[in-house]
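A.B. asks: Each chain, letter by letter, is given below.
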Amino acid sequence: MSFLELRNVMKRYGSLDAVRDFTLSVKRGEFVSLLGPSGCGKTTTLQMIAGFVEVTAGTIQLDGRDITRAKPNSRGLGIVFQSYALFPHMTVADNVSFGLEMRRVPKAERAARVEEALALVHLDKYAGRYPRELSGGQRQRVALARAIVIRPPVLLLDEPLSNLDAKLREAMQFELRDIQRKVGTTTVMVTHDQAEAFSISDRVVVMEAGRITQIDQPYRIYEHPETEFISRFVGKTNLLPGTVTASADGGATVSLAGIPVPVHGDGLGGGEAVVLCIRPEKLRLTAPGQGRVPGQVSDRFFLGSQWLYHVDGPLGTLMAVSPNDGEPPLEPGAPVGVDWSPRVVRLLRGGLPASAPTLEELE
Amino acid sequence: MSAVAASPAPDPPAAPRPRAVPHLLAGPATLLFAALVLTPLILTALLSLNEFEYATGRAHGFTLAHYAAVLGDPYYLEIFLRTFRVAALATGICVVIGVPEAYVLSRMRRPWRSVFLLVVLAPLLVSVVVRAFGWSMLLGPEGPVNDVLAVLGFGKKRMLYSEGTVVVALVHVMLPFMIIPVWTSLQKLDPAVEQAALSFGASRATAVLRVVAPQILPGILSGSLIVFGLSASAFAIPGLLGGRRLKMVATIVYDQYLSDLNWPLGAAVAVILLAANLIVMLTYHRVVEGHYRKRMG
Ligand SMILES: Nc1ncnc2c1ncn2[C@@H]1O[C@H](COP(=O)(O)OP(=O)(O)O)[C@@H](O)[C@H]1O
Ligand SMILES: [Mg+2]
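Chains as they are written, first to last, in our numbering: chain G, 1 to 363; chain D, 364 to 660.
Some hints here could point you the wrong way.
Just a sample of chain G residues kept apart from chain D, beta carbon distances all over 12 Å, derived [stated by the list, open to error]:
1) Arg12
2) Val344
3) Leu347
Straight-line distance between alpha carbons at most 30 Å, and here's what the computed BS3-like set of lysine-lysine pairs gives [said to hold, decoys possible]:
4) Lys167(G) to Lys125(G)
5) Lys167(G) to Lys236(G)
6) Lys610(D) to Lys125(G)
7) Lys71(G) to Lys551(D)
8) Lys236(G) to Lys182(G)
9) Lys107(G) to Lys71(G)
10) Lys282(G) to Lys167(G)
11) Lys519(D) to Lys657(D)
12) Lys107(G) to Lys657(D)
Keep in mind that the hints were calculated from the coordinates and are not lab data. All residues carry an ideal CB built from backbone N, CA and C; glycine is no exception.
All chains, please: the whole structure from these sequences, using the hints.
C.D. replies: So this is what it looks like as structure tokens:
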């Protein structure tokens with residue numbers, strides 16, 4: 001049963017549709033992330049749920065109640081702002097207590113709940129400090145405590161970790177997920193970082209230019225991207241345009257630059273233009289002469305746990321990732337074979353759009 | 364008063380040269396400050412210590428008699444009290460009107476914000492004297508306000524030459540000096556902080572009082588100091604709207620210099636006004652700033 005429901009929500013700024021046809025239903029207790037490049041309308045969507053941005057068209061329902069036009073201070077949602085927006089003139093405890101005070105929670109209960117919330121984010125020792133006396137990660141946790149202490153029906157997080165350095169961000173991802181599990185609050189998070197969205201969400205909503213392009217579990221989005229945009233935005237990928245030459249039940253043969261490649265897939269017609277998408281970690285580098293296509297290592301990058309190779313061959317330059325298993329890596333110039341299982345090939349119908357964005361543009 | 368640069372922390376011995384640079388850079392400002400502010404002040408202070416003779420005017424002996432005369436005379440005391448009362452009232456009213464006005468301005472949409480800011484600042488483009496005459500025409504015995512009162516059956520009221528009129532006119536003149544610093548502080552505020560207060564269930568009034576106001580305290584403080592200082596030493600408005608009867612300190616100084624020709628006494632009044640003004644403003648600054656410092660660091 002859906003708890004938070006957005007139906008055909010739209011926001012127009014002048015002639016720009018910042019958000020269009022946004023339909024999403026979030027279950028109680030679910031953690032949903034809005035993922036997309038900067039400027040695709042994530043914050044606008046979140047602000048419409050929060051009530052700070054007026055909805056141009058469509059409806060938003062919370063637990064069966066229409067809140068499309070409700071005032072922000074009557075929605076009762078817990079919001080963590082991108083800038084944290086802590087009250088700089090109040091102590092940590094007063095910051096957290098503010099929402100309870102506004103709800104006229106009795107003083108004794110207030111103190112107990114503030115303490116509980118601060119303990120949850122490991123800040124019980126900092127109750128008397130002012131925000132300026134805290135580090136970025138601590139401020140972020142105060143913002144979180146302040147939002148969950150009111151026991152909101154929905155928690156809204158706008159890029160909550162983007163101001164933190166990489167190491168802290170990773171630690172906070174798990175902590176955030178942990179706290180959300182403990183409290184069980186329905187959560188909508190905005191992020192432009194796919195790793196962040198994948199590691200903590202139950203479902204991910206991928207947005208592009210104001211519209212939803214895919215809603216799915218993180219694993220499915222990664223493995224079964226529905227558009228070429230998603231396959232590029234979410235992780236690295238090899239995109240190989242080709243033509244269907246022969247099709248049979250449950251499978252087909254696609255010709256890539258003259259090389260026949262078997263793929264899985266139904267209802268493919270002969271002569272259809274398709275794009276094959278293969279993740280770099282699904283490619284295996286073999287001894288020369290073996291595998292499906294020959295190649296030559298042109299470049300290699302050390303990623304710590306993995307090696308990323310660029311392999312030149314008849315299909316252009318392929319990206320392949322091998323685990324760093326302690327063996328010496330391949331040298332640039334080394335001849336190799338490239339192999340993959342037909343199972344891992346994702347097939348996108350229709351050819352590449354003329355102006356496919358490059359990886360750099362998406363980052 | 365930062366013209367005299369604070370000397371930097373002791374440099375490491377290896378770099379002796381840059382030490383003089385800050386002083387040199389502060390030099391022109393220091394000179395200007397000394398020539399335009401300190402010199403007249405010192406001359407005034409010296410003048411206030413000179414003896415006065417009716418026959419010859421200023422004489423050169425040293426005396427504290429003028430200070431004794433001013434401080435011991437209830438007439439002057441009353442004028443000082445009136446001046447500070449009027450200045451405090453004008454400042455208070457400027458806070459009450461100016462702060463909300465600046466807030467509303469800062470929350471306006473794009474084109475309107477600039478338009479209304481211009482409207483607020485426009486009075487600054489008109490001379491104080493002209494504005495004072497405007498008020499005296501408006502409130503005079505034959506002015507439109509009295510006409511309206513007469514039509515409504517209240518009868519004519521004498522509004523000129525009263526403390527209230529001086530306060531109203533001062534507020535009108537000083538309001539931009541309150542609005543500008545408050546507006547500046549508001550611009551520096553993260554709008555999300557107010558949104559956060561709203562999202563936690565605060566009404567707009569509560570959000571403004573509990574979250575916005577404490578953060579723009581420095582702006583309110585500077586605005587109040589400017590308005591108070593300018594009001595307490597205002598000359599044109601009390602001179603034109605207070606008339607001969609309702610004296611304020613600045614008009615008394617003027618009288619002493621130009622009517623009684625008792626320059627030393629006038630100088631003594633001016634010095635006392637300066638000292639009293641400084642004490643009031645520094646105390647106010649300390650209290651408000653201390654309050655703010657304690658929490659905002
Ligand atoms: N107040 C506004 N007025 C006009 N355009 C806006 C406003 N807020 C956002 N936009 C535009 O809407 C689009 C989506 O913005 P936003 O939701 O902030 O993107 P994201 O959070 O995904 O980076 C952007 O093109 C942005 O320029
Ligand atoms: Mg954003």
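A.B. asks: The structure should be examined with respect to each hint, and the outcome stated for every one.
C.D. replies: Hint by hint, here is what the structure shows:
1. Arg12: holds (16 Å)
2. Val344: holds (44 Å)
3. Leu347: Given that every Cβ of chain D is farther than 12 Å from that of Leu347(G), nearest at about 44 Å, it holds.
4. Lys167(G) to Lys125(G): holds (23 Å)
5. Lys167(G) to Lys236(G): holds (22 Å)
6. Lys610(D) to Lys125(G): Violated. Lys610(D) to Lys125(G) sits at ~60 Å, over the 30 Å cutoff.
7. Lys71(G) to Lys551(D): holds (25 Å)
8. Lys236(G) to Lys182(G): Judged against 30 Å, a Cα distance of about 33 Å means the pair is violated.
9. Lys107(G) to Lys71(G): holds (26 Å)
10. Lys282(G) to Lys167(G): holds (27 Å)
11. Lys519(D) to Lys657(D): violated (53 Å)
12. Lys107(G) to Lys657(D): This hinted pair holds, its Cα atoms lying about 24 Å apart.
Going down the numbered hints, you'll see the structure goes against 6, 8, 11, while the others check out.
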